[in-house]
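Novice: Kindly produce the complete structure, drawing on both the sequences and the hints.
Going down the list, the protein sequences come from chains A and G. Note that this note's numbering has the first sequence beginning at 1, numbered continuously upward. Note that this note's numbering has the second sequence beginning at 1001, numbered continuously upward.
To be clear, the hints were calculated from the coordinates, so they are not data collected in a lab. Mixed in with the good hints there might be a few duds.
What the hints assert, rightly or not - Once the Cα atoms are required to be at most 30 Å apart in a straight line, the calculated DSS-like pairs of lysine-lysine come out as:
| id | chain 1 | residue 1 | chain 2 | residue 2 |
| --- | --- | --- | --- | --- |
| 1 | G | K1126 | G | K1087 |
| 2 | G | K1002 | G | K1087 |
| 3 | A | K13 | G | K1126 |
| 4 | G | K1002 | G | K1126 |
| 5 | A | K126 | A | K55 |
| 6 | A | K13 | A | K87 |
| 7 | A | K2 | A | K87 |
| 8 | G | K1055 | A | K13 |
| 9 | G | K1126 | G | K1055 |
| 10 | G | K1013 | G | K1087 |
| 11 | A | K126 | G | K1013 |
| 12 | G | K1013 | A | K55 |
There are 2 protein chains.
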Amino acid sequence: MKVLIVHAHPEPKSFSSAMKNTAVEAFTQQGHSVQVSDLYAMHFNPVASADDFQKRANPDYCVYALEQRHAVSAGTLSQDIQDELGKLLWCDLLVLNFPIFWYSTPAILKGWIDRVFVSGATYGGKRFYDRGGLVGKRALVSVTLGGQEHMFGEQGVHGPLEDMLKPLLQGTLGYTGFSVHPPFFGWHIPYLSDSERASVMQAWRNRLAGLHEERNWWPQPTLDDFDERLYRLRKQQP
Amino acid sequence: MKVLIVHAHPEPKSFSSAMKNTAVEAFTQQGHSVQVSDLYAMHFNPVASADDFQKRANPDYCVYALEQRHAVSAGTLSQDIQDELGKLLWCDLLVLNFPIFWYSTPAILKGWIDRVFVSGATYGGKRFYDRGGLVGKRALVSVTLGGQEHMFGEQGVHGPLEDMLKPLLQGTLGYTGFSVHPPFFGWHIPYLSDSERASVMQAWRNRLAGLHEERNWWPQPTLDDFDERLYRLRKQQP
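Specialist: Rendered as structure tokens:
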């Protein structure tokens, strides 16, 4: 398996960064090929702009997705995007590893998605969800956070964390066609003792060891349930 | 009323940018004070990092929220964050105006939130939701997108757009104490005719004209329903 780990934590000595290192080790020991995009270490530019295109389809008015489609066919994406898109298209498994910032990804990772999930290459037209450009690939989201698990149950003060991650799990990964593993949550990390942290890391190791066999995908829409205008089809009565 | 408009679109001639200009005009004509943070025009840095603190509480290991709290009390936040935090604390109404990128904010706006919603100044400890640091302020989210409204109903292929915006409407704005207006959605913008666009802009103008009188807030959790450990309190039987 070819594995791309995209990691976004500002502190190289953080638990999240240790999780990234553990994942590199585990996948390598399993015989997989591994590439890592450590976005902070790369000083990755997260701001989508007209500068992302070496030649513009319309130099006077930038519609970002249209410029993406033009640049894909013309081969004029900026070099940093081409490099990351190459890794994304190369991989069989994408791991997004990050600390929860405001119930979602840190901006540097949001910008990696904004710029690298290129229209025309990863989706486009009616190519989304189970007809997306990245069908056949798997994705795993692994996060750390300060909150405790009971704050995020159906009865928790914030509601399910999975609901907060819907723009990522469904709206981004599912949308482009990934089969999405259930996320891995490292709860309450800044407040854990060393032995509690070691338990979380062991749970992460165990998860990685069995990942290849997992088939319990995160539920996604299927376009078969919708008509050409994307209205839901009425189920036929039996 | 003091109004802060935070705007994030890479194209100054876009419909989203025109909505920002319309809002500035409308609020000014209503006699309100208006400040604008046009994040692309400002080249705002969206990447939260150790560089955000002029002096570190712990120079060897950066826990971002702890450094924020230290820097608030010591007055050592970086100047760009202090400037934006000053505007945030100044305003009575915050307007976040942006195009939907991957069912959420463009990275440059996500980073404005990551860096400017400072722990210790906007929330902290048990100061969140209806006890948040920004209680008494209002917020309005106004977005443009390519999708059509029927794709986002309960029966739509993507599910309700409000669900996708939960990390922002509840997890960020509600969390810090804002009373949140129902969002304004500019559907299908790139594909509309000029007259259809004019109708959307008129709907936006009408919304702004009546905004001050609106009281139908987006539902948020209240801490009164939870105990000290943030477990939900059982309702007493009548």
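Novice: Are the hints correct? Go through all of them and say.
Specialist: Hint check results:
1. K1126/G / K1087/G: 24 Å, holds
2. K1002/G / K1087/G: 10 Å, holds
3. K13/A / K1126/G: 28 Å, holds
4. K1002/G / K1126/G: 27 Å, holds
5. K126/A / K55/A: Holds, at roughly 26 Å.
6. K13/A / K87/A: 25 Å, holds
7. K2/A / K87/A: Holds. K2/A to K87/A sits at ~10 Å (cutoff 30 Å).
8. K1055/G / K13/A: It holds: about 19 Å lies between the C-alpha atoms, which stays within 30 Å.
9. K1126/G / K1055/G: 26 Å, holds
10. K1013/G / K1087/G: 25 Å, holds
11. K126/A / K1013/G: Answer holds: K126/A to K1013/G is near 28 Å, not above 30 Å.
12. K1013/G / K55/A: Holds - the C-alpha atoms of K55/A and K1013/G are around 19 Å apart, at most 30 Å.
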